[in-house]
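Participant: Each chain is listed here by its residues.
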Amino acid sequence: MSGDKILSVDRLAMRFGGIVAVQDLSFAAERKKITALIGPNGAGKTTVFNCITGFYKPSGGAIRLSHDGGSTIALERLNDFRIAKQAKVARTFQNIRLFPGMTALENLMVAQHNALMRASGFTFLGLIGAPRYRDAEKRAIDLATDWLKRVNLLDRADDAAGNFAYGDQRRLEIARAMCTEPALLCLDEPAAGLNARESAALSELLLSIRDELGTSILLIEHDMSVVMEISDHIVVMDHGVKIAEGTPREVRDDPKVIAAYLGADEEEAAAVMEGGS
Amino acid sequence: MKAGPGIPSILKTAFVNALIALVLFSLMVGIRTEAGASGQLTYWTRFGELVSLVAAVFGGSIVLELLRQWIGPTGAEKLVPPAVKSGMSFIGRYVAAALLIFTLLVPVIFYNQRYILDLAILVLTYVMLGWGLNVVVGLAGLLDLGYVAFYAVGAYSYGLLATNFGWSFWVCLPLAGILAAFWGVLLGFPVLRLRGDYLAIVTLAFGEIIRLVIINWQELTGGPNGVSGIPRPSFFGIPLDNSDDGLAAKLGIEYSPTHRIVFLFYLILALALLTNWATIRLRRLPIGRAWEALREDEVACRALGINTTTTKLTAFATGAMFGGFAGAFFATRQGFISPESFTFQESALVLAIVVLGGMGSQLGVALSALAMIGGFELFRSLETYRMLVFGMAMVLIMIWRPRGLIGHRAPTVYLTKANAISSDLVKEGHG
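Quick note, the sequences are listed as chains X and B, same order. Per the working numbering, the first sequence runs over residues 1 to 277. Per the working numbering, the second sequence runs over residues 1 to 431.
Honestly, the hints are just simulated from the structure, not real lab data. Accuracy of the hints is not assured; some may be wrong.
Computed footprint of chain X on chain B, listed as stretches where at least three residues anywhere in the stretch have a Cβ under 8 Å from a Cβ of chain X [what the hints assert, rightly or not]: (1) 277-286; (2) 302-309; (3) 407-413.
For glycine and all other residues, C-beta sits at the position ideal for the given N, C-alpha and C.
Only chain X is shown next, with the shape it has when bound in the complex (with noise of 0.2 Å):
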């Protein structure tokens, strides 16, 4: 694989006790493209997903983040909220984790809060009203107000966040995670629940994410139909090892993903070839 990476796994480890979650994982996403991660129920998927987003502290291996500035930060020495707010790293939730009793807007404000600490001189400047807090806080509200927009919720944005549709409450998620202004959004499962015409709209979503703003997006999706259609790259996994990885078609003629989907489950093997074709 080629081209400029912006994380990269390296013999990724996780072990619960004595079970193995996930075994010598390696791969790399690169910036600006889109990277899913795919395989049958219990693959280790999600457990990946919480040793990048530092939720899981991995038993071995390493996890880089290169920046476009050049730098780098090694994600498995970094904790819980550290790799949110330093490596920009946002991420949203297998199920959904919104701040239920509080507006779309107020969700999105959350969401720039280390912006808005360091504007509102942690509080002190903010207590007294300051002009420099007010600004940023203005600009805070336009940027929410501009994820409102793309995901198509601006006329809900006062709404409780708790009231609002499945679908609402996926996209919401979204906007919220791109609100901290993620060099790299991890998704897991972003398509659960949705009908046909909102996985379609989820798609776009995406592909703008990654056309117009150049956010390095990796997902977790069991929606074959949203995997094959946006991936740039596709990684598979079973067992917790990779068995596969490379483009849709590629990923898709794999004899040895066809056999991991038939051995674990008939219907997602139908669902693999029928989401390429």
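Please build the complex by placing chain B on the supplied structure of chain X, with the hints as guidance.
Facilitator: Then chain B, alone, in the frame of chain X:
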């Protein structure tokens, strides 16, 4: 409407209720015990009263069940007719301003009623404590059962600094706040990893530790004897007494002890309003939003790069600081403090005020402090039944308003319209 349960079921419910009443009241009411003339135990039975109570419960259960069937399976809120509701929302818009104006006028209206002024000062102290604890429990969602510890730290800070070094109230007030905040952070560190019930238990223990340290560290705190002779506050250096330098003499008016009470009233009002202003302001700042986000979902906060450790610590410190201010005020008002004033009872009372008011709501906390402290005084004439009536009132309010008096959340920022958020969506936290 679906037909409710038949007569046998109603009778069964009533019978069970009557049975429970019989068991409870047979000892509480049925047998009366008293110490006799020579100290021996005398007792006599009161079966008449027992029977009438059980019968009342039986009859009441039937009426309640019939009412329930007649109204149908609706939430308690729907019992309120729409006209009353719209009236209430109209009142709701102006109630905060009206309350504030009334509070400002209290010393004018009740100038000669020392009892009411004292009560008002007490209510305001609890309003302030409620608002302080609201930052920790209502906004950040961290259940704190040891809030009285910070109240004690504030009170003893002022008491000891003033009696030992002769520092004035206005110097000690910020120091009391800072020291309480410092202890808030100290408490915060070990409990950061804890959630829910475990957090509550550790904070409860912390409250007790502070009290026990105060009791046992005799050389510093005077132990169970407390600290006495704490100076009264001065009007920015001018004492409020009968001397020639006193405020009354300087203003050329006749001295009255009420002056000091009125001054204390406005002092605690100012402190409470400061707490309120700061809290409202903080809510709209990133730190306040982070507190609320923490209450909603801690994992999501971490994924957004929010440092949950410092966020929790600032919540503890801010709440503790206001508790410390209130404690310093308490010390200067009483002139005497002892560990007895800082028992778990106080923590529970302040927490009850916050929960009853509606967690996170400033107005709700103020109203519930008024209801809890003022209401408790209101039932004074009922003597022995005071606790009973008070408890029943609390139960009724919690049935009517399970999420507190003010059960909705106001957004901190909006594009077009600030829609109130139903309390059903707002998480309670305790994380």
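Participant: Under a C-beta cut-off of less than 8 Å, do 3 or more residues of the stretch 302-309 of chain B approach chain X closely enough to confirm the stated coverage?
Facilitator: With 7 residues in contact (Cβ-Cβ under 8 Å with chain X), the coverage given for the stretch 302-309 of chain B holds.
Participant: According to a criterion of three or more residues whose C-beta lies within less than 8 Å of a C-beta of chain X, is the stretch 277-286 of chain B covered?
Facilitator: holds (count 5)
Participant: Just to make sure I understand the rule, a stretch counts as covered if three or more of its residues have a C-beta closer than 8 Å to a C-beta of the chain. Does the stretch 407-413 of chain B meet that for chain X?
Facilitator: holds (count 4)
Consistency with the previously given hints is maintained throughout, with no hint failing.
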